[in-house]
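Participant: The residues making up each chain are set out below.
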Amino acid sequence: MKTTKEISLGDIAARSEELRGENMTLNMGPSHPATHGVLRLSLELDGDKVIKCDPVIGYLHRGDEKIAENMTYNQFVPYTDRLDYLAPLANNVAYAIAVERLAGLKMPERCEAIRVACCEMARISSHLLGIGVYAMDTGAWTVFMYTFNEREKLYTLFEELTGARFTTSYTRIGGLTRDLPEGWLQRVETFCDGVLKTIDEVDRLLTRNGIFLERTEGIAPISKELALSYGLTGPNLRASGIPFDLRKDKPYSGYEKYEFDIPVGTKGDCFDRYLVRMEEIRQSVRILRQVIKTMPGGAWYAEDAKKIFLPPKAKIMTKMEELIQNFMLVTEGPQIPAGEVYFEAENPKGSLGFYIVSNGGGVPYRLRIRGPSFVSLSILPAIVPGNFLTDVASILGSLDFVMGECDR
Amino acid sequence: MDAAALTQKFSRTQSLKSIDMPTFTVANDELAEVVRYLRDNQGFDLLADLCGVDWPNRSPRFGVVLHLLSTTNKEYVRLHAACDNDAVPSVTSIHPGANWHEREAYDMFGITFTGHPDPRRILMWESYPYHPLRKEFPLAGIEVPLPAADVAEVTGQKVEAAPMMGGPFVSHGGHMSGAEPQALDQSWNEEKPKA
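Residue numbers (the working numbering), protein chains in the order written: chain A, 5 to 412; chain H, 13 to 207.
Some hints could be false.
[Claimed, not checked] Chain H regions said to be covered by chain A (calculated; three or more residues, Cβ under 8 angstroms):
#1 25-33
#2 60-73
#3 155-168
[Unchecked claim] Here are the simulated lysine-lysine pairs, DSS-like style, with alpha carbons at most 25 angstroms apart:
#4 K252/A / K110/A
#5 K254/A / K297/A
#6 K228/A / K86/H
#7 K147/H / K254/A
#8 K110/A / K29/H
Keep in mind that the hints were calculated from the coordinates and are not lab data.
Idealized CB from N, CA, C, for every residue including glycine.
Next comes chain A alone, as it looks inside the complex (with noise of 0.2 angstroms):
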């Protein structure tokens, strides 16, 4: 008698289909701690395998467009910190740029440095935070404890230059909000050196670290022709080997005074893409380097910015065309003429980018802001199926993405 049945191949070929078992859905997020915000990633599982990645997104949806248009230009400058809130100071330079571009202004050469300077702290602190939340998403803790208090430094001197830690409003269209404060630049010189040396710390931790390496290198890579094709910019495109960086081929606000490097990576894997950021926090620092070394004199406000900006106090309470001045400009906004401007900034999640379309007057006609952040993860249904579960944090950490920039 015949215990056993015994199975051939040819059995399990033919009931392969029925062996497969069904696809499972797995929904990551919207609270998920790889997900660096209210993101929701609808994913179809084979096993461990993801076969489809749909992502959800708008759960941070504020209406920042709709509001725009509803208020005056002058009024929408905080609004701008709340797109990339890890990099506040660069988005504030990117609205003002562009609504100054429309309005024709033109800025004075301090006022530039100083932003300059701005955009490229900004950069240095947006990227110690990808670093190490990236890191930590791949299993290193450690590194996030050291770029945190590097941060930490820098929000000290984000509060000093602009009375906030976290939602500056620094840039106004027309210039800034005040001057350097006395002592500032040698500051910020003090703190160069020292991120350089938490730099070197966590290239030593992380760059040759078998864990990381083997959650980084190969997984996802990136082709020229796809981070094109989904209009990939900053990081991430120049992480897949294409050279383009506003500040170098579109310079604005002077950045063509300066000297810096464009890093650019070769296979656009996770891991180029956390060396080309490595580098531009060297690179930033190079910049500011040179800022503090030519910072020029002058003004730090336009000429024409009288049209924009308050009259002092002391002059509303006195002055009769100061006062009618101020009441314009509290009620009907500044008048910005009318046409249309596109203004992309080198941002560092990418580019930034606002159009404004004018009918005249104080308030925008139509804002559409360009979120890069928003295009980082269109293409995720592009590039996920086919990794592994686990390898699905690696990917969100590697595109170092901010929702509050991607809903609006």
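Given chain A, work out where chain H should sit, using these hints.
Facilitator: Then chain H, alone, in the frame of chain A:
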């Protein structure tokens, strides 16, 4: 940017004056071909941005604005296309990155992109009945029931949105204390009383 070659090849394309970059109005049905031509022949390989604009007094009402970037020649070009019957050809097959931008323009304005592979809402939820960036949509928003069939199934209760008050823009006239700063609630006025 070879503007003459573009206007010669597509005779209905017109150049517009602009302060920052070459700008063209493109015929609605030619939009996809123009974008493909610019990508293949003039090096505009990156779609920087695509968005809708609402012009309630114009006919056709909606417009679509594209910003293309050439990473080799380092230049931008802007294309305007009007939406006949609120529709415009999709460029997702040429620049896959347009997918989400087009979904957003549909979500916010109700513009249809013909040939789009995945025409869903993106920022608002699927059953949301309005297109919030249209000019007639009030800043204060309009309350709608939230889709929560699973909750209703278990509890037998309808999920209602939290009252929209307390923020700088959203307020219910009369409900909030007079001391708080109030913005005008635009969903009702003298002619159209509050529902």
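Participant: Indicate, hint by hint, whether the structure satisfies it.
Facilitator: Taking the hints in turn, this is what the structure says about them:
1. Counting residues of the segment 25-33 of chain H whose CB lies closer than 8 angstroms to any CB of chain A gives 4, which reaches the minimum of 3, so the coverage claim holds.
2. Check result for the segment 60-73 of chain H against chain A: holds, 5 residues qualifying (beta carbon to beta carbon below 8 angstroms, three or more required).
3. Counting residues of the segment 155-168 of chain H whose CB falls under 8 angstroms from any CB of chain A gives 0; the rule of at least 3 is not met.
4. Using a Cα cut-off of 25 angstroms, the hinted pair K252/A and K110/A holds, with the two alpha carbons roughly 20 angstroms apart.
5. Distance restraint check for K254/A and K297/A: the Cα-Cα separation of roughly 24 angstroms lies within the 25 angstroms cut-off, and the hinted pair is therefore satisfied.
6. Under the criterion of a C-alpha separation no larger than 25 angstroms, the hint pairing K228/A with K86/H is consistent with the structure, at around 17 angstroms.
7. For the hint pairing K147/H with K254/A, the CA-to-CA distance comes to about 34 angstroms; that exceeds 25 angstroms, so the pair is violated.
8. This hinted pair checks out: K110/A and K29/H have alpha carbons roughly 21 angstroms apart, not beyond 25 angstroms.
In terms of the numbered hints stated before, the structure departs from hints 3, 7, listed from lowest to highest.
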